[in-house]
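Take a look at the letters that make up each chain.
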Amino acid sequence: MTLLAVERIKLFTTRSPLWCALAAVGVVVGFAALIAGVDTDQAPSIATTQFGVNFGLMIVMVMAALAITTEYRFGTIKATFQAIPNRSSTLVAKATVVALFAGLIGEVVAFGSVAIAKLIKSNASLGIDTAYEWRAVAGVGLVYALSAVIAMAVGTLIRHSAGAVSLLLIYTLLVESLVQLIPNVGVDIQKWMPFNVANKFLTGDPDPTNRFLDGPPPSNATLSPWWALAYFAAFAVVMLSVALFTANKRDA
Amino acid sequence: MIEAVGLSKRYGKTLAVDNLSFTVRPGRVTGFLGPNGAGKSTTMRMILGLDAPSGGDVRLDGKKYRELHQPLRTVGALLDAKWVHPNRSARAHLRWLAKSNKLPAKRVDDVLEQVGLTDVANRRAGGFSLGMSQRLGIAAALLGDPEVLLFDEPVNGLDPEGILWIRRFMHRLADEGRTVFVSSHLLSEMALTAQELVVIGRGKLISQCTTEEFVSQATESTVLVRSPQLALLRSAIGQQGATVRDEGESLVVSGMEIADIGELAAAKGIPLHELSPQRGSLEEAFIQLTGDSVEYHAAVTTDALPADLLPAGK
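Chains as they are written, first to last, in this note's numbering: chain A, 1 to 252; chain C, 1 to 314.
I should point out that these hints are in silico values taken from the structure, not numbers from a laboratory. The structure presented is a predicted model; accordingly, all values stated were derived computationally and were not measured. Built from N, CA and C at the ideal position, the CB exists for glycine as well. One thing to keep in mind: the hints can contain errors.
[Unchecked claim] Cβ-Cβ distance ranges computed for the label pairs, FRET-style:
no. : chain 1 : residue 1 : chain 2 : residue 2 : range
1   : C       : 86        : A       : 175       : 32 to 38 Å
2   : C       : 10        : A       : 55        : 43 to 49 Å
3   : C       : 52        : A       : 127       : 55 to 61 Å
4   : C       : 10        : A       : 234       : 50 to 56 Å
5   : A       : 89        : C       : 160       : 42 to 48 Å
6   : C       : 6         : A       : 2         : 31 to 37 Å
7   : A       : 226       : C       : 86        : 51 to 57 Å
8   : A       : 89        : C       : 207       : 18 to 24 Å
[As the list claims (entries may be wrong)] Derived pair list, reagent style DSS-like, types lysine-lysine, alpha-carbon separation capped at 27 Å:
no. : chain 1 : residue 1 : chain 2 : residue 2
9   : C       : 102       : C       : 64
10  : C       : 204       : C       : 64
11  : C       : 268       : A       : 249
12  : C       : 63        : C       : 268
13  : C       : 106       : C       : 82
14  : C       : 64        : C       : 82
15  : A       : 249       : C       : 13
16  : C       : 102       : C       : 63
17  : C       : 13        : C       : 268
18  : A       : 249       : C       : 64
19  : C       : 102       : C       : 82
20  : A       : 249       : C       : 204
21  : A       : 249       : C       : 106
[To be verified] Below, a sample of chain C positions facing chain A; criterion: calculated Cβ distance under 10 Å:
no. : residue
22  : 71
23  : 77
24  : 83
25  : 172
26  : 176
The task is simple: from the sequences and hints, build the whole structure.
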């Protein structure tokens, strides 16, 4: 608990995490407002309100990576390891705090998007009823939290803000979608790439007839939604373990 | 009490610290002296468990740093005053440190008061001057009221007032019975600050003794003599077994008391125009002792420069 409190103080005594959170809310909710307001032919659905979720995800991952790379940049990681020589527990505490904050941002942007769409188009039926709708909205926080853990692990391994952020963005925006261009095996590889699998949790629907097809593109991963989330969580745990192992071996 | 036994650190092919053994005792200020790049900071990082030694170990009151429970209560350290997030306030920085070792929040205000930063406690640390950053670093070191204190080049870049403040501060800490270990590349500074010295060069121990011993050992005293009858004086002194060196229009005598030279000249009827004791400078002595172990020699001869002008750094 002490270590969580330490990391909480650290995260919220600089301004950039709050700016990142505001930016994420602005982008995702703004996108939902835009779609609800501009598209006059069609009433917004739960799926269309969640269009901006992936943009917010990028911002949240940048926030999570910066939480650790700035410690390396400014040397506070040394002050931290000096105060708490047990590096694993310190980094796990940081990952926990960052994940909780990311999860909170996720819930705010997801429900905020639904709320703003309802506000703009009060006649739209935006009840969250089906299992799919619950995952698509409430599930955003879970995906954000796990993504934040992955981003923090990458930040710990790379230690430089610019390097970590560009790697994360290039990977999630380009690598996972371009990998399908590899002949023969490309699509099969893509089905198992972690962020694509995480997307399955949000967009996958066991009963497609209930779905509007105008939401964010569904994932082609073959796992069922909840197994997809478990797979993504396992990936986050592996990344964090590698980061902890490296941080313990390395000179601070 | 800090005990290093056979401490070594290897970075690739270079041996930054080479089989270093020394003891730092409580109740006095111990200087850790060596030219830039001698391995002082590396040694300090190993004491704090930040870097893992390649060989040997270092213990604080018999324990390795990583075995300490709530280490800030045992060891306080200022290795780099810039190890603070520039957008975090001084108080917030100390607050998370205090929390990490379950220290009461009141300690934060206590140490801020102690180093005189109370008025600027809520300002962002990035806007601090070097002197203020240094004070914040010292406040962080004092937070846990530790028995052992480590300071790496604490006076580097400070103005005279700041230097004096830090020097007095360290003496006070040692007088309270704490173990104070301070590194520096300036012997003249250490001569004023430290009672005991651990001198290293190229990662190897050169000597561990009291500052007084080191200074008298290192600075050979000579006598400068000027006379219109220089040749006569030279042979007279030479007969006494002392060594004489010509320096322009004067002689530099070593191995003979100043009074004896005067009496000898009077006995021989040689008029003297000058007879003055020369004390070798601490800087010269230091360069002489560590000369072989300086890692990066300047292209110009360094002994022409006062030590303060030598490149500062970690």
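The hints, checked one at a time:
| no. | hint | result |
| --- | --- | --- |
| 1 | C/86 to A/175: 32 to 38 Å | holds (34 Å) |
| 2 | C/10 to A/55: 43 to 49 Å | holds (47 Å) |
| 3 | C/52 to A/127: 55 to 61 Å | holds (58 Å) |
| 4 | C/10 to A/234: 50 to 56 Å | violated (38 Å) |
| 5 | A/89 to C/160: 42 to 48 Å | holds (44 Å) |
| 6 | C/6 to A/2: 31 to 37 Å | holds (35 Å) |
| 7 | A/226 to C/86: 51 to 57 Å | violated (44 Å) |
| 8 | A/89 to C/207: 18 to 24 Å | violated (41 Å) |
| 9 | C/102 to C/64 | holds (21 Å) |
| 10 | C/204 to C/64 | holds (22 Å) |
| 11 | C/268 to A/249 | violated (75 Å) |
| 12 | C/63 to C/268 | violated (67 Å) |
| 13 | C/106 to C/82 | holds (24 Å) |
| 14 | C/64 to C/82 | holds (26 Å) |
| 15 | A/249 to C/13 | holds (19 Å) |
| 16 | C/102 to C/63 | holds (20 Å) |
| 17 | C/13 to C/268 | violated (62 Å) |
| 18 | A/249 to C/64 | holds (17 Å) |
| 19 | C/102 to C/82 | holds (24 Å) |
| 20 | A/249 to C/204 | holds (25 Å) |
| 21 | A/249 to C/106 | violated (36 Å) |
| 22 | 71 | holds (6 Å) |
| 23 | 77 | holds (6 Å) |
| 24 | 83 | holds (4 Å) |
| 25 | 172 | violated (23 Å) |
| 26 | 176 | violated (22 Å) |
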